[in-house]
Amino acid sequence: MAAAKPMPSALDFELEARCSTTKARAAILTLPHGPVQLPLFMPVATQASLKGLTPEQLEATGCRLCLNNTYHLGLKPGQEALEAVGGAHKLQGWKHNILTDSGGFQMVSLLKLANITEEGVRFLSPHDGTPMLLTPEHSIALQNTIGSDIIMQLDDVLVTTSPDTKRMREAMERSVRWLDRCISAHKNPTTQNLFCIIQGGLDLEMREECCREMVARDTPGIAIGGLSGGEAKADYCRVVNTCTGLLPELKPRYVMGIGYPEDLVVSVALGADMFDCVWPTRTARFGDAITKHGVLKLRNASYRNDFGPVEEGCGCLCCRQGKGSLGVTRAFVHHLAAKETVGAHLLTIHNVWYQLALMKSVRESIIEDRFPAFLKHFFSDLHGGDKAKYPDWAVEALRTVGVDLML
Amino acid sequence: MATALENLEEPRGLFFDIFGSFDPSSVTPRLGRLRVKGRQELETPNFFAISSRGVVPHLTPDVISASTTIGGVHMALEDFIERATIGTPPIMNCPGSSPLHTFTALPRSLITVLAPRRTPAVSAPKGNSNTAISVFTSTGFQVLSNKSYISYIAKLHPDIAIPLADVPHGSNPGTKRVPKMGDRTQEWVTELLNSKNDEQAVFAPILPIDSLSQYEYLNQLADELTDGISGLAFYDSNLLPDMPATTSLSRLPRLSLDEPSSPRQILRQVSLGMDIFTIPFIGFATEAGIALTFRFPRPVLDEPAVLDGVVGSVLPLGINMSSKSHTASLKPLSTACTCYTCTTHHRAFVQHLLSADEMLSWTLLQIHNSHVVSEFFTSIRECVRRGTFEADCDEFARAYESELPEKSGQGPRVRGYHFKSEGPGESKKNKAAWGNLGNFEHGISGLVPDEPAGTLEDKGFAKKADT
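Taken in order, these protein sequences are the chains called Y and Z.
Going by full-length UniProt numbering, 276 is the number at position 276 of the first sequence; the sequence numbering is gapless.
Going by full-length UniProt numbering, 203 is the number at position 203 of the second sequence; the sequence numbering is gapless.
Calculated directly from the structure, the hints in this document are not laboratory data.
No experiment lies behind these values; they were computed from the predicted model shown.
Cβ atoms here follow ideal geometry from the backbone N, Cα and C, with glycine treated the same way.
A couple of the hints might just be wrong.
Claimed, not checked - Short, incomplete list of chain Y residues facing chain Z, as computed with Cβ under 10 angstroms:
#1 Ile28
#2 Thr30
#3 Pro32
#4 Thr46
#5 Glu56
#6 Ala60
#7 Gly62
#8 Val85
#9 Leu247
#10 Phe332
#11 Glu340
Said to hold, decoys possible - Some, not all, of what chain Z presents toward chain Y, calculated at C-beta under 10 angstroms:
#12 Ser52
#13 Ser67
#14 Thr102
#15 Tyr340
#16 Gln351
Said to hold, decoys possible - With a cut-off of at most 25 angstroms between alpha-carbon atoms, the simulated BS3-like pairs for lysine-lysine come out as follows:
#17 Z:Lys407 / Y:Lys76
#18 Z:Lys407 / Z:Lys331
#19 Z:Lys147 / Y:Lys76
#20 Z:Lys196 / Y:Lys76
#21 Z:Lys431 / Y:Lys90
Starting from the given sequences, assemble the full structure and let the hints guide the process.
Laid out in structure tokens, this is it:
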């Protein structure tokens, strides 16, 4: 049942460098709204706005590719309005790239009571209880209207920790069938890139099978899905490692829902290129700052008289010193946290910058072929040089790609 | 053209020049220029933005610099001292020569005004005493003595300090209270002036009671205290014509803390000679989802409402951006507006953000609304300069409604320091973000639809069925 016709693509993938030790790669991905450098973290602007930042502020963090959620945009402002406005770029005044998910993940994460059948996902509207059905065709039609640069297939998402192998197999096989329906429903293959999503839970054989089926469909990019749902990190790493081993080298690989810094660097070492997560922006709203020495909970009383920058040496608008600096201090963020929206905006700017800057330095180290050394530095900074604190899963996963953090 | 008064060699860091002919006894609109050392000049009449916890709500400092022309910020000490009962408030430990700017990351070009209380202030359950007032911090009511307020000013040295005043926010003072208000305020102002350093600019508070009841205090201001003060802060603008008509008092800049509820009230105060305003309705409009659209003295000619309207129809002062009618509108919030929001975004986006409860909605509206008010004052200054102000006010009154549209947006979560609880049985100020799953109003049988796929297909995705 492999796919027939070759699929057009609206992207250009240029592999720039490969780490000589790990499976990490650096590449330039050119999308309809400009090039982005891989590996890459993509912040999530769920409802066409990155949590209080203007598009210009988001641009200033270095972001050139952000996410919108199809499910949310489908409910608000709705397909009709999107069509009238002329798509999501125009709606939010964003000149750069947008990736949209299929809406399927929200069915599972937001609506515990969704029912998945061969036609699609049945659920009740969270707003007024209206019965609804999301099919692969709907999802693609919506994403076509949204006009995002990368669109995702509707997949049958199941928590990876589900013990039901039969259901897991059904979900994997259905995701492949739905991919075929998405491909034939996709109206703009020359301006929007459809990515498939590898499913199969934590069962490596099932993942392999799914990789083979989906790679045969030749989509412009490939996502590894169903992860970051509470599975053990070691299991997560095994799945990513297995999948990247089977994926074509000259296509972007996107692991969905990953955002903790240590997860990002390990996943890059395992051969993944693109990541997204709401954590950096969500945690900002709780007053948490991401730094290379770990997360600072700035609501803690110990920061109320701390007049240093959020992170020493950070180049973001809040922390940078000298010209153009805002001079935001930890004490000020503490003063505002969870009380004024400005506090959330400032930390969101910092956290997004941190994530993007982290990936930039990962990328530089790959190009200069010193990524293994980078990894050692990274974990040493994060745990204050105490190797006993290094997470086992990361040590283990990096060993499989030739880096031993303990040495 | 400028006949600046002979106050240039004053030792303070704050100067106010009044342009045009100057007659201390006349009640007229006036043009001026406020100059504060190290800050941007402010042409008056103009306004200061109101801050909450030291920030102009929804605007990060970079947005203030890039997208607004705000010249100064009103800050309330009560927003910074919740820890005063158990230790030193952090702002008192802040390094630098201007702790208010440093602590709040406020652009250095903006003028800071420090007042004891927010504007508008939440009324306190406990009255003021002879030596202290009640303030409301984010953790509850506190007593702020004049002595400690003076030490806060000494450390924070705001560009302009407003002394403690005995103002009964929210309640009408009784006959016994009124004479006390003048006496206490006079004493507190005198104490501050006697102990402050020469550099510190102080705007003396004018109380919201009739001038006879504070006669002694006002005379004291015009007489012995006049050298120590750099301006006046009015809790009631109606007092303006009743001020002692001395040159030394009349040439001082006048700040309104009168909480005007509409542009018309601002115009009235301008006509009485008010110079600088604090305007709560900018923030109210923003958080209610209203884009201000008024222009002084008249709307632009191609304003759709003007074109469509019947001759003689009155225009609203603002547009409710939450309205579904904007869902697909690519128009700017206000015709020919040059603000960031109107030149970069459109009504459809703001409507979407409001309906999705996204914080950016308030940012975009706050930028726009601040711009509209800035332009309003620019036009007022032009009209005063041209000498057409009075006629222009009449035209404005004919063109626009007198009050802002009704609030409809939910706005951001309300915090304790925004309002005073009215006691038991009060309804919740914030709507619960989440409810029980399946608990819909119409009452539905199951939690997952069981209709055949074809039926659901017909309804389409994410479209509300007609009920």
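**Asked** Which of the listed hints are broken here?
**Response** 1, 2, 3, 7, 9, 19, 20, 21
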